[in-house]
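A.B. asks: Sequence:
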Amino acid sequence: MGTMEPAEPPRATATVDDPNDLPTAPCSVVWSGGHSYVREGTAGARWAGVDDRGRARFLTDAELRRRGWSRTRG
173 MGTMEPAEPP
183 RATATVDDPN
193 DLPTAPCSVV
203 WSGGHSYVRE
213 GTAGARWAGV
223 DDRGRARFLT
233 DAELRRRGWS
243 RTRG
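With positions in the sequence shown counted from 1, the corresponding number in the working numbering is that position plus 172.
You may find that some hints are simply not true.
[Stated by the list, open to error] Quick list of the computed label-pair ranges, beta carbon to beta carbon:
1. R245 x T196: 17 to 25 Å
2. S200 x D223: 16 to 24 Å
3. G246 x A215: 18 to 26 Å
4. R218 x R243: 17 to 25 Å
5. G216 x G246: 27 to 35 Å
6. V201 x R227: 25 to 33 Å
7. R237 x T214: 13 to 21 Å
8. N192 x G226: 27 to 35 Å
9. R225 x D193: 13 to 21 Å
10. G213 x R237: 16 to 24 Å
11. N192 x R225: 25 to 33 Å
12. D193 x R245: 14 to 22 Å
13. R239 x T196: 15 to 23 Å
Because the hints were derived from the structure by calculation, they are not lab data.
For each residue, glycine too, the CB sits at the ideal point set by N, CA and C.
Let's have the full structure, built from the sequences with the hints guiding it.
C.D. replies: Okay, here's the thing in structure tokens:
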């Protein structure tokens, strides 16, 4: 019989958020086009904000990425 190597302990996989990824936590806030958008929900989530006239505007992750977004207002 051959000798058995001791099993290595499982390695922790540290995940570092990519700064280009949209936040996924509910109530996260991002900025796009000078307006803030708040993430609503988790499954099938959308971003809620207002347009220049104060009308409600809802965006998907894909729409927000196309428009450009930032974690800060400036």
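A.B. asks: Hint by hint, say whether it matches the structure.
C.D. replies: Going down the list of hints, with the structure as the test:
1. R245 x T196: 17 to 25 Å: holds, 21 Å
2. S200 x D223: 16 to 24 Å: holds, 20 Å
3. G246 x A215: 18 to 26 Å: Given a distance of about 32 Å, which is not inside 18 to 26 Å, the answer is violated.
4. R218 x R243: 17 to 25 Å: holds, 18 Å
5. G216 x G246: 27 to 35 Å: holds, 31 Å
6. V201 x R227: 25 to 33 Å: violated, 19 Å
7. R237 x T214: 13 to 21 Å: Holds, since R237 and T214 (Cβ atoms, about 18 Å apart) stay within the stated range.
8. N192 x G226: 27 to 35 Å: holds, 30 Å
9. R225 x D193: 13 to 21 Å: violated, 30 Å
10. G213 x R237: 16 to 24 Å: holds, 18 Å
11. N192 x R225: 25 to 33 Å: 30 Å Cβ-Cβ, so the 25 to 33 Å window holds.
12. D193 x R245: 14 to 22 Å: Holds, since D193 and R245 (Cβ atoms, about 19 Å apart) stay within the stated range.
13. R239 x T196: 15 to 23 Å: With a Cβ separation near 18 Å, R239 and T196 satisfy 15 to 23 Å, so the hint holds.
The earlier numbered hints that this structure contradicts are 3, 6, 9.
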